[in-house]
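Asker: Residue numbers (this note's numbering), protein chains in the order written: chain A, 1 to 472; chain B, 1 to 65.
Simulated from the structure, these hints should not be mistaken for laboratory data. Check before you lean on any hint, since a few could be wrong.
Examples of chain B residues lying across from chain A (beta carbon under 10 Å, computed) [claimed, not checked]:
id	residue
1	T11
2	L15
3	D30
4	T41
Backbone N, C-alpha and C define an ideal beta-carbon position, used for all residues, glycine too.
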Amino acid sequence: MADLVWASMGELARLVASKAASPVEIVKAHLDRIAALDGTLRSYITVMGDSAREAARAAEASVMAREQLGPLHGVPIGLKDLYCTKGVKTTGGSRLLGDWVPAEDATVVTRLAAAGAITLGKLNMHEFAYGPEGLNAHYGDAWNPWDRSIHRICGGSSSGSGAAVAAGLCPGALGSDTGGSIRIPSALCGLTGIKPTYGRVSRAGVLPLAWSLDHVGPMCRSAADCALMLGAMAGHDPRDPSSSRSPVPDYAAALTGQVKGLRIGLLRRAFLETADAPQRQAVEQAVKTLEGLGASVRDVSLEQMKHAAAVVAALISVESYAYHEAWLKTRGAEYGPDVRERLLVGAFVSGADYLRGQRARRLIRDEMDQVLGGVDVLIAPTVPIAATTVGAREAVVNGAPQPVRPSLLRYTRPFNASGHPAASVPCGFTPDGLPIGMQIVGRSFDEATVLRVADAYQRVTDWHARRPPLGA
Amino acid sequence: MAATASPPPITRDTLAALARAQGLTLSEADLDGLLPLVQATRALLDELAAAPLGDVEPTALYHMR
C-alpha cells in the first residue's frame, strides 16, 4: 500500500485504467495514511471518507464496465478549504464559516470530478487565505513534514495542501494564490505548484481574498502531474467574468523534455542577490543544469518590481476589506486576531490609493511583457528563506535578521500583480534538510512552456522525488 | 497629473475617528494593535506617489476576449 501513496497522479490513472490497481484500494491507502499521520500534520480540516469510498466504488464499477475514463479517473485529490463543495462544509479556514455548507461546487471542483478525480477532503489553510505562513488559530497549525522534531510552517496560505501532498496524504491538491499562496508552500514543502495566468482557471465558487489578484492552481509532486491537473481545470467559465476564452493547449503533450534553444532570463538583481546562500546556490546550480540541457541564460532585471509591495498592499487591503466589511462589523470577534487586524487595515486605505495601485500595476505588467519578449521564461528563487519555526517573526538571511512575512512574499507577489504564470519546483535542500524552490515565470497564457521547463529539469534531477522523513 | 502631497501621519485619535465614521467599533486594544499596521501600510502606499503614472489608466479587472 505504501507505493500507492507515493505514486504520481499519472501513474495512478494508468494503474486504474489497466486494472492493475482499484480506486477502492487507492483511496483506502490514502485514508489510512491520513488517519495515521494527520493528527500531527493537521493538513485536513474535513476528511470526506464516506463520500471518497463511495466515489471509489463507482469509479471501480466504471472501469469494470469498460466505460470511457477521464484523465484522472480514480485518482484522489485534496481541496483547499476555500473551494465550495456541494453538501460538504467549506470553512475558508475560519470559525465564521465553521458550519457553512454550500449548495454548489466550485467550477474547478466540478471539472476535476468530471475528469474522474476523487476528493478525499478539505485542506487546512491560513484563515481566509490571508497569510503567507499558513497558520490557523481555529483548526491548528499545519506541520511541515520535512522536520519531524521542530514544528515548522508549511508556508501559506495553502499550508494544508503543501503538507498533505508532501506527506503522501493525497497525490495532488488545489491551492490558491493571491500573493504566493501556491508557490510559497510548494517551495517550503518540496512540491511543484503552478499559479496559472490570471483568467486561465475559473475562480467561480472559490472564496475570494482579493478578486483581482486571486489565482487558482494545482500543487503536486511533479510538473507532469501539474500538467495533468491543470489540463482538467483550465478554460473559460461563464460563471467567472474574468475567465479567458484563450484556447487551452494539451499541457501533457507539451512536456517534451526539450529546452534546447530556450532563452532563460535570470532575475539576479532584487531576487537571486537577496536570497539566503543555500537558496541562491541551489537556483544557480539549477540554472546551470538547464544550461547543460541546451538553454541559454542571461541576466535580466525588473525595475518596476520596486512598486510590487505597494501595489499588492493597495489592492489586497481594499478588496479583502470590501468582502469582509459586514462580518468585521458584526462578527469581528470570530476572526483570528492576526487576520482581523490585517483585514481592518483596508478600512483606512482610500479609493485614490486603490486606483493608484491599479495604475502602477500596469507598469509592472507592461515591463514583464517587455522583458518576456526577449526571453522565454524568467527564473528566480521562490522564497529567500527556508521554512521557519511556527511563531518566528524573523529569519536570518545572509547573516542579517529579516521579518518573515514580507520575506516569504517578496519574490512571488510581483507575478500576482502582473498576472503572469509562475511555477515553483524543488531545486535543492538546505543544510538542515529543508526544501528549496525555484520559480519559473512565463508569458501570459504560456503555462505550457513553464511546465515544459519544469518537467525537463525534473527529468534530470531527483529533488522532486525525495520524501520527507515520516517513515513509509 | 502628479499625485497630491502625502497626508500627515495618521494618529491614534484620527484612526479612532475614521473607524467611527465607517461604523467600526474598535476597542482601545484594537486601536493600539491596528495603528502601526495602518501607518506602515500608508507609508508603503505613499511610495506609489513617486511612480511614473502619467497617463496610465487603471488595470481593467475583466478580460474582454
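Asker: All hints are to be evaluated individually against the structure, with a verdict given for each.
Answerer: Results for each hint:
| no. | hint | result |
| --- | --- | --- |
| 1 | T11 | violated (12 Å) |
| 2 | L15 | holds (7 Å) |
| 3 | D30 | holds (8 Å) |
| 4 | T41 | holds (5 Å) |
Of the numbered hints listed earlier, the single one contradicted by the structure is hint 1.
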